[in-house]
Amino acid sequence: MSSKVKIGQGAMVCKEIKVKGQVSFGASTIIHPGVTLIAEAGPIEIGENNIIEEYVNIIHKFLPGHEQSEPVTLKIGSNNVFEVYSTIEGVSSIGDNNIFESKSFVGRNLSIGNDCIIGAGCHLTSTSPIEDGTCVYGKNCTRQKAFCKPSVPGGHREFLTKLLPSYHLLRKNKNPIEGN
Amino acid sequence: MASYMFQKTITSICTCGLQKLLPDLFFCRHCITLRCDFCVSHEIDTTYCPHCFENLSSTEAKHKKNRCASCLECPRCFNTLSTRSYSRTPEPKKPPQKMYYLLCLFCNWRSHEPNIPDQPTSSGNWPVNKNPDDGRILDLINYYKSVTLKEVFDKQKRNTKHYGRNYMHFLEKFGLNAMMARKKVGFPNFHTDGTGFSTSEINPAEAIENVPELSANTFEDILDLKQISTLEQRFATPELQAENTDDLFPIRKHLRVKHSLRCRVCEHNVVKPEYNAVKFKIKHLAYYYVPEIKIIKCEPLLAGKWSSLVLKLCNPSQASTAVRFEKLDLNAINIIREPRQLEGEDLISTPKQLPEPIPIVLELQGDIIVPEGEIKIAARDDTAEYDDTNEVNTDNDDPKYVYWRKGNKVALKFEVKPNENIKKNENVQLGFVMHFMYSDTMLHVINPKQPQTVLVPIKIVLNLPNSF
Ligand SMILES: [Zn+2]
Ligand SMILES: [Zn+2]
Ligand SMILES: [Zn+2]
Ligand SMILES: [Zn+2]
Numbered sequence: 001m002s003s004k005v006k007i008g009q010g011a012m013v014c015k016e017i018k019v020k021g022q023v024s025f026g027a028s029t030i031i032h033p034g035v036t037l038i039a040e041a042g043p044i045e046i047g048e049n050n051i052i053e054e055y056v057n058i059i060h061k062f063l064p065g066h067e068q069s070e071p072v073t074l075k076i077g078s079n080n081v082f083e084v085y086s087t088i089e090g091v092s093s094i095g096d097n098n099i100f101e102s103k104s105f106v107g108r109n110l111s112i113g114n115d116c117i118i119g120a121g122c123h124l125t126s127t128s129p130i131e132d133g134t135c136v137y138g139k140n141c142t143r144q145k146a147f148c149k150p151s152v153p154g155g156h157r158e159f160l161t162k163l164l165p166s167y168h169l170l171r172k173n174k175n176p177i178e179g180n
Numbered sequence: 181m182a183s184y185m186f187q188k189t190i191t192s193i194c195t196c197g198l199q200k201l202l203p204d205l206f207f208c209r210h211c212i213t214l215r216c217d218f219c220v221s222h223e224i225d226t227t228y229c230p231h232c233f234e235n236l237s238s239t240e241a242k243h244k245k246n247r248c249a250s251c252l253e254c255p256r257c258f259n260t261l262s263t264r265s266y267s268r269t270p271e272p273k274k275p276p277q278k279m280y281y282l283l284c285l286f287c288n289w290r291s292h293e294p295n296i297p298d299q300p301t302s303s304g305n306w307p308v309n310k311n312p313d314d315g316r317i318l319d320l321i322n323y324y325k326s327v328t329l330k331e332v333f334d335k336q337k338r339n340t341k342h343y344g345r346n347y348m349h350f351l352e353k354f355g356l357n358a359m360m361a362r363k364k365v366g367f368p369n370f371h372t373d374g375t376g377f378s379t380s381e382i383n384p385a386e387a388i389e390n391v392p393e394l395s396a397n398t399f400e401d402i403l404d405l406k407q408i409s410t411l412e413q414r415f416a417t418p419e420l421q422a423e424n425t426d427d428l429f430p431i432r433k434h435l436r437v438k439h440s441l442r443c444r445v446c447e448h449n450v451v452k453p454e455y456n457a458v459k460f461k462i463k464h465l466a467y468y469y470v471p472e473i474k475i476i477k478c479e480p481l482l483a484g485k486w487s488s489l490v491l492k493l494c495n496p497s498q499a500s501t502a503v504r505f506e507k508l509d510l511n512a513i514n515i516i517r518e519p520r521q522l523e524g525e526d527l528i529s530t531p532k533q534l535p536e537p538i539p540i541v542l543e544l545q546g547d548i549i550v551p552e553g554e555i556k557i558a559a560r561d562d563t564a565e566y567d568d569t570n571e572v573n574t575d576n577d578d579p580k581y582v583y584w585r586k587g588n589k590v591a592l593k594f595e596v597k598p599n600e601n602i603k604k605n606e607n608v609q610l611g612f613v614m615h616f617m618y619s620d621t622m623l624h625v626i627n628p629k630q631p632q633t634v635l636v637p638i639k640i641v642l643n644l645p646n647s648f
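Those protein sequence lines, which keep their order, are chains A and B. For what it's worth, our numbering labels the leading residue of the first sequence as 1, then goes sequentially. For what it's worth, our numbering labels the leading residue of the second sequence as 181, then goes sequentially.
One or more hints might be untrue.
[What the hints assert, rightly or not] Keeping only pairs whose Cα atoms sit at most 25 Å apart, straight-line, the calculated BS3-like set for lysine-lysine is:
{"#": "1", "chain 1": "B", "residue 1": "Lys-589", "chain 2": "A", "residue 2": "Lys-149"}
{"#": "2", "chain 1": "A", "residue 1": "Lys-103", "chain 2": "B", "residue 2": "Lys-406"}
{"#": "3", "chain 1": "B", "residue 1": "Lys-310", "chain 2": "B", "residue 2": "Lys-325"}
{"#": "4", "chain 1": "A", "residue 1": "Lys-149", "chain 2": "A", "residue 2": "Lys-139"}
{"#": "5", "chain 1": "A", "residue 1": "Lys-145", "chain 2": "B", "residue 2": "Lys-310"}
{"#": "6", "chain 1": "B", "residue 1": "Lys-242", "chain 2": "A", "residue 2": "Lys-149"}
{"#": "7", "chain 1": "A", "residue 1": "Lys-139", "chain 2": "B", "residue 2": "Lys-406"}
{"#": "8", "chain 1": "B", "residue 1": "Lys-406", "chain 2": "A", "residue 2": "Lys-145"}
{"#": "9", "chain 1": "B", "residue 1": "Lys-200", "chain 2": "B", "residue 2": "Lys-580"}
{"#": "10", "chain 1": "B", "residue 1": "Lys-245", "chain 2": "B", "residue 2": "Lys-310"}
[Said to hold, decoys possible] Derived list of chain B stretches under chain A, where covered just means 3 residues or more per stretch with a C-beta under 8 Å from a C-beta of chain A:
{"#": "11", "segment": "276 to 290"}
{"#": "12", "segment": "398 to 407"}
Keep in mind that the hints were calculated from the coordinates and are not lab data. Note that CB positions come from ideal geometry on N, CA and C, so glycine has one too.
Here chain B stands alone, though its shape is the one from the complex (with noise of 0.2 Å):
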C-alpha cells in the first residue's frame, strides 16, 4: 500500500477500538464502518507461486508440500535461479553437446558437482535433496493419522447426537476426508464403530550407545570461514542442515497465499483477489471512500495558546460528500455502534457483535476547535485537473473554516490549543470525531430506490510535533 504519502501523524480509530492508519483500514459497506486486519476474517483464496505465477488449489499445493515444482531458489541468498547453458564437447570427434546449469543472478552461486551435475535439458530434472529421514516422518505422520482417527470414532461412539459439525474442519486439518469416504464405501480396513480398530505399529526411537568419536583435530584444524553455511543457510532447509557451503542443494520455491478478507460481523467480502491475475474482484478500502485527512499548514504550539492548525481533506469517490466535525468525546468513546445497516439492507446472516471489541485508551493533550456545520466536498473528477474553467461554489462556505477550496480537496481551519503542562518536544495529542456522508450505491434486492445516504463518524487522532 502506498503509505509512504501518507502522514503518520494522523491516525483512524476503527470500529474495533484498535488505532490504524487510513491505507491500513477497510470499509464494510453493508456494516458502513471501518474495519481492520484485526476485525475481518482472513480467509486463504488461492495458493500461487511468487515467481511463476502458477495458480494450485488447496489440495495439489498440500500434495506438493506448499512448494511449486518448477522453480527453485538459490541455497545462498534465496533469489530465484535462473538456468544458464553451455556447450562442451564430451569426448573428440563427437558434436558438441548443450548443458544447462542453474545460476544465481544476485549471489553467483552455480550448480556444481557432485551434488548437482549439469543437465542435458532446460527443464532439466533438477535432483531434490532428499530426507534421510522420509521413510521414518512418513510412518510418524501415517501412525498419527491413524490415532486421530481413532480418536474421532470413539467421539462418535460417545456421542452420536452431535456429529457431523464440530470436528468437521479437523477431518480436513488432517486430510482425513478421504479416509471417512473409504469407510463409508465400505473398505475393510476401517470399521465403523470404531472396535477393532488397530493403529499401526511405530518403533519408538531409541538411544544409541556409541557415538561416533570427534576426530582428534576438530578443535585444531584451521577453520575456512569460506566453506561454513550460515544460520540462515542451515535453517532454510531444517531437514538436512549442511554445514559446508559444497552441500547446499536449491530450494523448491515456497507458494504463496492470495487472501480474501471478510467481515466479522455481516460476513460480507471486504477483499477479495481475482482468480489467476494481479487485481482484485472486491476491494472495499477505507481509502477509496473516506476522506484522507492531511496536516497542511500548523503554527507553532505553544502550551496553554491557541494555535492555528489547517487539514487538507479529499474526497476519494466518486460522489460528492460531506463532512461534519464533533469533538471526541473520551467518555463515550468506547461507545459501540453496532451493528448498524442501511434501510431495506438483505442480510445474508443475522448480525453478530466482534467477538472481542479493544477499550480505547486514550489520552488528550490539548483543546481543539472544530468547523461548525457541514462541509460539502466535491466528488473526485479525473479530468478537472485539464479544465481551466472548473470553478467549485464557495459561497455557502464560511470563511472563518474554510481556508481554500480546489476540486475535491478542502482546507479547513482548526483552532489547537495544548495544555499548560506538555513537556518539551513531546507530541501533542488531540481528537475529533469527523462523520462524512457516505452515499451508498449497491443495489439492494428488497429496496431498490435512490442511494441512501449515512453519515459515517470516525475518530480521528492527531499526533502534533511539539518543538519549542
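Isolated chain A (complex conformation) (with noise of 0.2 Å):
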C-alpha cells in the first residue's frame, strides 16, 4: 500500500490505521486506530479539530470504469467527529462542525455543510446536499433542522490527547512524509 501522509501541528495519529494514497492531517486532529482512508481518487485533505474514531472508513474512489478521470481532493473542514463505523464513501465535501454518528453511511456525490448532525445508522445515498444545520436521524434519514449546534463533551479532547498515546504508538510528526 503506498501512501504519502502529511501531519499537522499537534495532530495524533495512530498507528495502526489503513492508508492508501495522498492524505493529510490538520492541525490537533486525532485519528483512533483501525481506520482506513483511501484516497484513490485524488488525495484527502482532513481539517483541524476532527476527532475520526475506531474503525470509519473513508473512502475517495472513483467510480468503477471511471479510473480515468481528472484527480479530484476531497476537502474535509475542521471540527468534525466521525464516530465508530461511520462510512464516507465518494462524497463529495464536508464543511466544519459536523457530527457523523455509528454506524452511518454517506455515499457519493452528497456534500454535506456545516453543523449537520448525520444520525446513527442512517444510510444516505440521495445527492441533493446537506444544508448548514441539519439533523438527519431515523430510518427514513429524515432531514430536519437541528436546534442545538453539535458539539463534543468539554474535557473529551483533552483526555483522548491524554490516554491515546499512552495505549497506542502514534505516527511520529517528525517524519512528515513516510513512503511505504
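Join these two chains into a complex; the hints should help.
Structure representation (C-alpha cells):
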C-alpha cells in the first residue's frame, strides 16, 4: 500500500490505520486506530480539530469504469467528529462542525454543509446536498432543522490527547512524509 | 418471547382451532388444554409508565389521560427526552445560574425558545401544550355524559326489573358511577325518576362565512423541507398538528398496560403479572409444559417416496412425561373435546363452551408413519449437563423409532411420503397428533391425593420445505 501522509501540528494519528494515497491531517486532529483512508481518486485533506474514531472508513475512489478521470481533492473541514464505524464513500465535500454518528453511511456525490448531525445508522445515498444546520435521523433519514449545534462533550479532546499515546503507537510528527 | 429459536415449520393447533407456534400458546391447567390469545380473555391489570415504571390505578390513569406526568417524549422521533443542564450568567457580576433544557439523545432535538424556555429546576415545570379547543371539548363531553345519564334513567323507568346488571359496565365506561353516587346521596341536580332532568345546553358548531384568504405567496415561496413536520409528528399530537418543526412540543409519555389473561372456558388465570415488578404471579405458557418439537434431520422429500424425518422432543417440565403418537384424522379433526377436567377439580364456575370455535381447515400433502407405543421422556434437570455419569436407560426403546436420547431430549424417527402430485418448491404439509402425559401437581381442595396424570392430545402440523 503506497501512501503519503502529512501530519499537522499537534495532530495524533495512531499507527494502526490503513492509508492508501495522499492524505493530510490538519492540526490537532485525532485519528483512532483501525481507521481506513483510501485516497485513490485524489488526495484527502482533513482539516483541524477533527476526531475520527475506530473503524471509520473514508473512501475516496472513482466509480468503477471511471478510473481514468481527473483526480479531485476530497476536503473535510474542521471540528468534525466521525463516530465508530461510520463510512464516508465518494462524498464530494464535508464542511465544519459536523457529527457523523455511529454506523452512519454517507454515499457518493453528496455534499455536507456545516453544523450537521448525521444520525446513528442513517444510510444516505441521495445526492441532494445537506444544508447547514440539518439533522438527519431515523430509519427514513428524515432531514430536519437542528436546534442545537453539534458539540463534543467538554474535556473529551483533552482526555483523548492524554490517553491515546499511552496505549497506542503514533505516527511520528518528525517524519512528516512516509513512503511505504 | 424467544420465538427466534423456534422453527416456523412446526405449528400446533390450539383447542379453538387456530394454528399457532408453541411460544404463542398458553396451557390452562384446569381445562388441561392449550389456549391461545384468541381463546383467553384479556384484562387490564395495571397501568404503568414504560420509562419511570410508576404504577397508576385505572382511575388515576384515566384522570391523567393515560399519560405519565413526569416523563416526556421527543416530538420528533418519540424517544424519551433527557434533561441537560448548563450554567449561564444572566447579568454580569451576578453568580451564574444553572439552567435546564430537554434533549433527545437519539435525534438531537432540543427544547428551545420561545415555546419551551429553559427552566431553573431539573424537574422543570415544562409547559404542556394546551389545546385551544379544550373548553369546547369539555363542554361536549359533559353534554354527552348528561345525555347518557338521561338514557340510563329512561331505561330504568321503562324496565326496573333488570336494574343493576346490564348497564353497570356502561356506567363504568362513561364515568357515571360517581354521578349515580351523587344521586343516591341526594344531590339536587339529579332527579331519581329522570323527569325534569335537564341536559346542559351546548351551542351547536357554526359554519363561518369569512374564511381568511391564503396569502399571495403561498404557492410561490420556496419550501424549506427542514422546517416542515412529518405526518407522523403531526399525528402524535392530533389536537395541534404543528406544521412547522419549531412549534413541536414535548409529548407526555403514554402509559402502558400490563394485562392478565384468563381462560374463557374455566375463568382461571393463565397469565397474571406481578404488581410493581417485571415478573409474573401466574405464567402458564405452553412452552413450560408441552414437549417442544424440532426437526433435526430430514431427507430430501420425493413425490411418492418414503423418506425419513428425525424430530427432537424436549421435555421442559420438572416431571417426566411420556408421549404417544397418532395419525391425524382429518374427518375427526373438528370434534372438540371440551370441557375436560381433572377428577375432583374445584370449579369456580360451570365450564362454558368457547363462544365461537373455529373450524379447522387443513389439507395434508402426504402420509406419515409415527412411532408406535409410548415413549418416555425424562424430566428436565438443570444439573444434568454437569454430570457425566448421567446415563439414560435406553433398554425399553425400540431402535426402530428412537434415534438417540440424552437427558430430557429424545430424537424420534418418522417416515414421510409426500403425495404423487406435489408441486415443486411447495411446502409439504403433514400432521399428527401428539398425546403427552401431563402430571398435575396442583393442590386440590376436594381431592388432595397424589398427582394425577392425564394424556393431552395436541395436533401438530409440519410444514416441510420441499426442494428437488
Ligand atoms: Zn385458541
Ligand atoms: Zn413516567
Ligand atoms: Zn428525538
Ligand atoms: Zn381453562
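Going down the list of hints, with the structure as the test:
1. B:Lys-589 - A:Lys-149: 59 Å, violated
2. A:Lys-103 - B:Lys-406: Holds, because 23 Å separates the two Cα atoms, which is no more than 25 Å.
3. B:Lys-310 - B:Lys-325: Distance of about 23 Å is within 25 Å: holds.
4. A:Lys-149 - A:Lys-139: 22 Å, holds
5. A:Lys-145 - B:Lys-310: 24 Å, holds
6. B:Lys-242 - A:Lys-149: With a Cα-Cα distance of about 39 Å, the restraint between B:Lys-242 and A:Lys-149 is violated, given a limit of 25 Å.
7. A:Lys-139 - B:Lys-406: At roughly 16 Å apart (the allowed maximum being 25 Å), B:Lys-406 and A:Lys-139 satisfy the hint.
8. B:Lys-406 - A:Lys-145: 5 Å, holds
9. B:Lys-200 - B:Lys-580: 30 Å, violated
10. B:Lys-245 - B:Lys-310: Holds, because 14 Å separates the two Cα atoms, which is no more than 25 Å.
11. 276 to 290: holds (count 6)
12. 398 to 407: It holds: at least three residues are needed, and the segment 398 to 407 of chain B offers 3 whose Cβ sits within less than 8 Å of chain A.
The structure is inconsistent with the numbered hints 1, 6 and 9, although it conforms to all the rest.
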